[in-house]
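If you're matching them up, the sequences are chains A and B in order. Going letter by letter, the first sequence gives residues 1 to 170 in the numbering used here. Going letter by letter, the second sequence gives residues 1 to 253 in the numbering used here.
Treat the hints as calculated values from the structure; they're not laboratory data. You may find that some hints are simply not true.
Taking CB as the label site, the calculated pair distances span [what the hints assert, rightly or not]:
no., chain 1, residue 1, chain 2, residue 2, range
1, A, Asp68, B, Ile233, 51 to 61 Å
2, B, Ser187, A, Pro122, 37 to 47 Å
3, B, Ala72, A, Leu165, 30 to 40 Å
4, B, Phe65, A, Val3, 24 to 34 Å
5, A, Leu10, B, Phe109, 17 to 27 Å
6, B, Tyr17, A, Gly150, 16 to 26 Å
The beta-carbon is built from N, C-alpha and C at its ideal position, and this holds for glycine as well.
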Amino acid sequence: MTVTRLLWFLGLTLLVIGLALILNAFIEPAKLTGGSSLLFNPEEGKLSVADVMPIFLVQGDELTVIVDPTYPAIDHYITLKKAGSSWIAEQILEGQGAWSVKAPTRGVYVLTVEGTVVGQVPEGVTLRSSISLNVKSVFRSDLLEPALYGTIIPGLALIVASIYLGGKKP
Amino acid sequence: MISKVFLWELKSGGKPYIMLLILFLLIYVATDYPPRKGTGTYYEPYVNLLSALDIGWSINEIWWFLFPVVIALAVLLFSYDIDRGLLRTYMLSQASRTSLFIGKLAALFIAVFIPLVVGGVLILAFADPTLFLSDPLFVLNGLWLRLVGWALMMYVMIGFSVFAAVLLKKPLYAFVTPYVVFYALESARIPMSIRTYIPPDSFIQFQFITPGNPAYLIEHDLLAAWNFNWPCIAVATALLILSYILFIRMEQS
Chain A
1 MTVTRLLWFL
11 GLTLLVIGLA
21 LILNAFIEPA
31 KLTGGSSLLF
41 NPEEGKLSVA
51 DVMPIFLVQG
61 DELTVIVDPT
71 YPAIDHYITL
81 KKAGSSWIAE
91 QILEGQGAWS
101 VKAPTRGVYV
111 LTVEGTVVGQ
121 VPEGVTLRSS
131 ISLNVKSVFR
141 SDLLEPALYG
151 TIIPGLALIV
161 ASIYLGGKKP
Chain B
1 MISKVFLWEL
11 KSGGKPYIML
21 LILFLLIYVA
31 TDYPPRKGTG
41 TYYEPYVNLL
51 SALDIGWSIN
61 EIWWFLFPVV
71 IALAVLLFSY
81 DIDRGLLRTY
91 MLSQASRTSL
101 FIGKLAALFI
111 AVFIPLVVGG
121 VLILAFADPT
131 LFLSDPLFVL
141 NGLWLRLVGW
151 ALMMYVMIGF
161 SVFAAVLLKK
171 PLYAFVTPYV
181 VFYALESARI
191 PMSIRTYIPP
201 DSFIQFQFIT
211 PGNPAYLIEH
221 DLLAAWNFNW
231 PCIAVATALL
241 ILSYILFIRM
251 EQS
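Using the sequences and the hints given, assemble the complete structure.
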């Protein structure tokens, strides 16, 4: 009787954990958009802020970086690095442009944007570029599978075993 | 006798299932990853993004669902009207009022705290290594801080709800009163909940985290920076003592 009750409760606990994780995965991730402005610092010859922004992405998420400078002769050096990993993606955009990259795994990615001015800049030109981000999210299936195979199916198996052993719900 | 009362109270009234409910809500709420919270703007990376990256590390994130559960449990355990009609009267009549009070209080605390411990371990193990690729065992270093915070938060909840359950004989009044009191106090800008932010250890690896930044706080600095709401903990203690005095003087029928 005690074993049956233990199995029943253990199975129910696993089922509850799995359900919480699965329900979590079913909520559609919000579209993430944002922007940042970089100001030019003439002394350094670069855009003054190497903008560092961490972004949380899941597997398959597509991040688009759109760069829109006020003056065309600015090169942007964009790096996307996964925190705690050696994965890195980089791109150089000359002037206005956009760059898309897909996240290989779930995690926190750090985006760095650095700009360099090419050639002589005329007087009275404000050097500024605006960087905007867009994340096309996908269904978070990466949580769904471990929840299903790790908790829900074993939990159901334990519950069935307890009912089979005890004859009825304890 | 205390242990007998404790075990009886912990098993009765479907408390194992209430523990499962708390576990479900905790995992569901605290694994709420940032991208779902809507559009984020990145103008202030040092302020906004830290909260955007957060996985519900704020202690009072679980307040909204934990408080009603704690009040309901307190009313079930301590309400005079519910308690007197039950079959356990005979068994409990052999216990002294003091051991009855302590056993019930322990059952209330443990019934809420065990799912918090289990959920805390699971959340940290699920969230941190997958997000930050850090060592799972290292991740659990910060667990005790979170548990202490949760325990203090529960202490405040329990103080208020037990006092209401002992003082007011009608269960409905006992359930509603703590809510009203907290709502009134929060509206009057007297903060009653424990608000503490515990950043994950792995935040250190980001280059924008420098001394002076809120996320820089790691374990050793954290205790100094914790703004525990000492007055509200003192009020909860006073209410617990008062409810103990009321409880042992309550007439036995």
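Quiz item: Which of the listed hints are not met by the structure?
Solution: 2
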